[in-house]
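Colleague: Sequence:
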Amino acid sequence: MSFEKVKNHLAAFGLQDRAKELSVSSATVEEAAAALGCEPCCIAKSMSFYRGSSAIIVVMAGDVKTDNPKFKAAFGSKPSMLKGDDIEKFTGYRPGGVCPFANPEGTQVYLDESLKRFDVVYPAAGTASSAVRLTLDELEKASASQGWVDVSKPY
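First residue of the sequence shown? That's 852 in the working numbering, and the numbers climb one at a time after it.
It should be emphasised that the hints constitute simulated quantities derived from the structure, not laboratory data.
Possibly wrong hints are sitting among the right ones.
[Claimed, not checked] Across the chosen pairs, the derived CB separations fall in these ranges: (1) S905 <-> W999: 34 to 44 Å; (2) K923 <-> P1005: 10 to 20 Å; (3) A863 <-> Q997: 16 to 26 Å; (4) N919 <-> E872: 29 to 39 Å; (5) Y1006 <-> E855: 27 to 37 Å.
[Stated by the list, open to error] Pairs of lysine to aspartate or glutamate residues, derived as DMTMM-like cross-links and limited to a Cα-Cα distance of at most 25 Å, are as follows: (6) K916 <-> D988; (7) K940 <-> E855; (8) K967 <-> E991; (9) K929 <-> D918; (10) K856 <-> D918; (11) K967 <-> E882.
Each residue gets a CB set at the ideal place from its N, CA and C atoms; glycine is no exception.
Please construct the entire structure, taking both the sequences and the accompanying hints into account.
Modeller: Structure follows, in structure tokens:
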């Protein structure tokens, strides 16, 4: 059902055919890269954090991690990742399938500058065995991004 929700959302942008169900897990960056035949850095991972009584999703390249001081400067608080049932409650998806599409009202999406190195990236498509191939412009529009932030650093 989550994959269909993403495909329906992407249809509004003419992108529904880009979403693919995979025969293997894509729940981690490494698994997704292997399944798609791309470098891990091209996986657009959706990191979900508490922000007051709601949540934000920051989409970043697969080869970076959250930089705590940069995150605090951008959002006014230390990063605190969503836990347990809150992941699905605030993102609309289970761990491994979290993506920046068709999220519950109140959850905002931001895109990290680390993605700007690539022409094409691969975010999840709602399940732990799916992905969608998008340009950065397509990702920005389809995710209803609030804008670009710089909150990451290399591993």
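Colleague: Take the hints in turn and mark each one as holding or not.
Modeller: Hint check results:
For the hinted restraint 34 to 44 Å between S905 and W999, the CB-CB distance of approximately 20 Å leaves it violated. Separation of K923 from P1005 is about 19 Å and conforms to the stated range, judged on CB atoms against 10 to 20 Å. Distance hint for A863 and Q997: a CB-CB separation of about 18 Å, consistent with the stated range 16 to 26 Å. A hinted range of 29 to 39 Å for the beta carbons of N919 and E872 is consistent with their spacing of about 35 Å.
The hint said 27 to 37 Å for the Cβ distance between Y1006 and E855, and at roughly 34 Å that hint holds. At roughly 22 Å between alpha-carbon atoms, K916 and D988 fall within 25 Å of each other, so this suggested pair holds. For the proposed pair K940 and E855, the alpha carbon gap of about 18 Å is at most 25 Å, so the pair holds. For the suggested pair K967 and E991, the alpha carbons sit about 11 Å apart, so the restraint of at most 25 Å is met.
Taking the CA atoms of K929 and D918, the gap is about 10 Å. The hint holds against a cut of 25 Å. Restraint check for K856 and D918: the C-alpha separation of about 31 Å exceeds 25 Å, so the hint is violated. A threshold of 25 Å between alpha carbons decides the hint, and for K967 with E882 the separation of about 22 Å falls inside it, so the pair holds.
Checked against the numbered hints given earlier, the structure breaks hints 1, 10 and satisfies all the rest.
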